[in-house]
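Dock chain S against chain B, hints included.
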Amino acid sequence: MIHRLLTTIGEYFIFLRQAFSRPEKWRIFFKKLIDEMDAMGIGSMLIVSIVSIAMGSVITTQTAMQIESSWIPHWTVGFVSRTSIVMELCPTIISLLLVGNLGSRITAEIGSMRVTEQIDALEVMGINPAAHLVLPKVIASLIVNPVLIVFSIFFAILGGYLTVIITGCVSMYDFIDGLTYCFRVYDIIYAITKAFVFAFVMSTVSSFYGYRIDGGALELGKASTQGIVVSSFLILILNVLITQIML
Amino acid sequence: MIEIKNVSKYFGEKQVLFDINTCFEEGKVNLIIGRSGSGKTVMMKCLVGLYSPEEGKVLYNDRDFHHMSESDQRKLRAEMGMVFQGSALFDSMTIEENVMFPLDMFTEMSSEEKLERVNFCLHRVELPNVNKLYPAELSGGMKKRAAIARAIACNPRYLFCDEPNSGLDPKTSLTIDDLLIDITHEFGITTIVNTHDLNSVITIGETISFIYEGHLAWRGNSDNVLTSDNQQLNDFIFAQPLTQRIRQKL
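Residue numbers (the numbering used here), protein chains in the order written: chain B, 1 to 247; chain S, 1 to 250.
There's no promise every hint is true.
What the hints assert, rightly or not - Capping the alpha-carbon separation at 30 Å, the derived lysine-lysine pairs in DSSO-like fashion look like this:
id: 1; chain 1: S; residue 1: K75; chain 2: B; residue 2: K32
id: 2; chain 1: B; residue 1: K25; chain 2: S; residue 2: K114
id: 3; chain 1: S; residue 1: K114; chain 2: S; residue 2: K75
id: 4; chain 1: S; residue 1: K57; chain 2: S; residue 2: K114
id: 5; chain 1: S; residue 1: K171; chain 2: S; residue 2: K249
id: 6; chain 1: S; residue 1: K171; chain 2: S; residue 2: K45
id: 7; chain 1: S; residue 1: K45; chain 2: S; residue 2: K14
id: 8; chain 1: S; residue 1: K114; chain 2: S; residue 2: K14
id: 9; chain 1: S; residue 1: K5; chain 2: B; residue 2: K31
id: 10; chain 1: S; residue 1: K57; chain 2: S; residue 2: K132
id: 11; chain 1: B; residue 1: K25; chain 2: S; residue 2: K45
id: 12; chain 1: S; residue 1: K45; chain 2: S; residue 2: K75
id: 13; chain 1: S; residue 1: K5; chain 2: S; residue 2: K114
id: 14; chain 1: S; residue 1: K45; chain 2: B; residue 2: K32
id: 15; chain 1: S; residue 1: K132; chain 2: B; residue 2: K32
id: 16; chain 1: S; residue 1: K45; chain 2: B; residue 2: K222
id: 17; chain 1: B; residue 1: K32; chain 2: B; residue 2: K222
id: 18; chain 1: S; residue 1: K114; chain 2: B; residue 2: K32
id: 19; chain 1: S; residue 1: K45; chain 2: S; residue 2: K57
id: 20; chain 1: B; residue 1: K31; chain 2: S; residue 2: K75
id: 21; chain 1: S; residue 1: K57; chain 2: B; residue 2: K31
id: 22; chain 1: S; residue 1: K114; chain 2: S; residue 2: K132
id: 23; chain 1: S; residue 1: K75; chain 2: B; residue 2: K25
id: 24; chain 1: S; residue 1: K132; chain 2: S; residue 2: K171
id: 25; chain 1: B; residue 1: K222; chain 2: S; residue 2: K14
id: 26; chain 1: S; residue 1: K5; chain 2: S; residue 2: K45
id: 27; chain 1: S; residue 1: K75; chain 2: S; residue 2: K57
id: 28; chain 1: B; residue 1: K25; chain 2: S; residue 2: K5
As the list claims (entries may be wrong) - Distance ranges between label pairs, derived from CB positions:
id: 29; chain 1: B; residue 1: F233; chain 2: S; residue 2: C23; range: 49 to 59 Å
id: 30; chain 1: S; residue 1: K171; chain 2: B; residue 2: I28; range: 52 to 62 Å
id: 31; chain 1: B; residue 1: K31; chain 2: S; residue 2: H67; range: 48 to 58 Å
id: 32; chain 1: S; residue 1: L59; chain 2: B; residue 2: V240; range: 48 to 58 Å
Since the hints were derived computationally from the structure, they do not count as laboratory data. Note that the Cβ used here is the ideal one computed from N, Cα and C, for glycine as well.
This is chain B alone, in the form it adopts within the complex:
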C-alpha cells in the first residue's frame, strides 16, 4: 500500500518533469493554449454561474435566518455572506465543481489518446507527448480557473443580492453596507491563490491519471474516477494548509 503510494507519487513528479519541458514549437503551443482556454473557460461559464448564483442565494438566506436578532446589526448578513463567498465557498466549491467538469474531461481526452495509441504516435514522431498535450492544458487551467473563480464570486454576490431584493430578509442598503464593510484586497488575493493552486492540482492530477492508463475503455473509466477522487482529496487537504498559512 505505502510502496504503491510512494511509487505513484514518484511517477507523478517524473510526469511533471516531462510535462514542463520546452514545447517543440511555440506557435503550435500557443494555438493549443488558446483552444484549451476557449474550451475550458467558455465551456464552464454557464455551470459556474448557475451554481454560484444558487450558492450566493442560499448562503444569504441561511445567514439572515441564523442571525435574526435585534442585538446584531443587519449589515452583518452582507458581511458574513461576502466573507464566506469570497474566502471559502467560491474558491473551494467551484474548484471541486471544475474537477468534475474539466478534470474528468482532461483525463478522458488524454486517456483515450493513450488507449488509441495516439500518444505512442507522437512519441514515435519524436515529440514529447506530455509537454505537447499536458502543458497547454495546465497553463490554460492556471489562467482560466482563477478568472472563473472571480466570475463565480461576482455571480454568488449577485445571487445574494437578488435574494435580498426578492425575499426582503434584510434591506438592500444594509446588505450592500455589509458587502463593503471592512473589505480587504487580501481576501481576493487569498481566493485567487487558492484557485491557482487548485487549478494546478486539478489539471496535473487529471492529466497524470489519463496519461498512465494501461488498458482499454474499462481502465479509462477507472482512471477518470481516480483522477476526480484524488484531485478532490488533494484540494481539500491543500485548502486546510493554505488557510493555515495565509490566515
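Same frame as chain B, now just chain S:
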C-alpha cells in the same frame, strides 16, 4: 540497415522476447510474422523506442538506438514514420491536419508548400477529397491509408507498419500491400511490417522474420517461405484449409 542483436524483453517476471537476432534491409519491405501474441508488436515497439529491451541492442546503421542521447534519438525519430494497428490518427484533427501535423512540427515550409505536400501524400495513397473529413468519418481502409500518408509526409527513411491489414477485407488488404511495396521502392524507404496476413507474406515479403513464442524461429523471404521445413513456420503458414490445398499442389 536496422539490426536487432540479442534482444530480450520482459514485462515484470514474464519474458516476451528471447534473445532475438535479425536484420532489416534497406530499401526493402521487411516482414515480421507470427501468431497473435507471439511478440511481434513488442519487437516493433522495441525497434521504434516505445519499449526499451532489458538485454540486447537495436542498431540503426551500427548506432545503438537505446543508448543514444535524447537529441540523437529525436533526430533519428524524425526519420521514422509509423502506421499503428488502429491507425492512431488524431481524432480532434481533420485528415488534412493529421497529415500536416509532422510538417508543422518538423519543417519550416510555408502553408502553401505544406498543403501541396499533404495533397501529394493523400493523392499517393489514393485518398483524394477527404481533406476536411475527420478520422471518424472514414472507413477502416481509408484510415490506414490516411495513416500511411501521415507517416510518409516528412519523407521518412524508415517506415514501420503494425498489422496494416488487420480488420480489412481481402481487396482493401491487397491495395494496402501494393501501396506499401510501391512506396518502399519509389522513395527508397526501409519498411518493416508486422503482419499475419498470408497474402502479404507471399507477395511483399522481401525479407521475413518469423517469431514463435518470443523466439526468432525462421528467417527468409517470400520465395522460400512456402517451401521451408521449419515445422512451426509451416504450422503457421498452412493453418488454413486454403493454404493446405496450396501446399498439396506444391
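For this session: Enumerate the violated hints, using their earlier numbering and listing them in ascending order.
Result: 4, 8, 9, 10, 13, 21, 28, 30, 31
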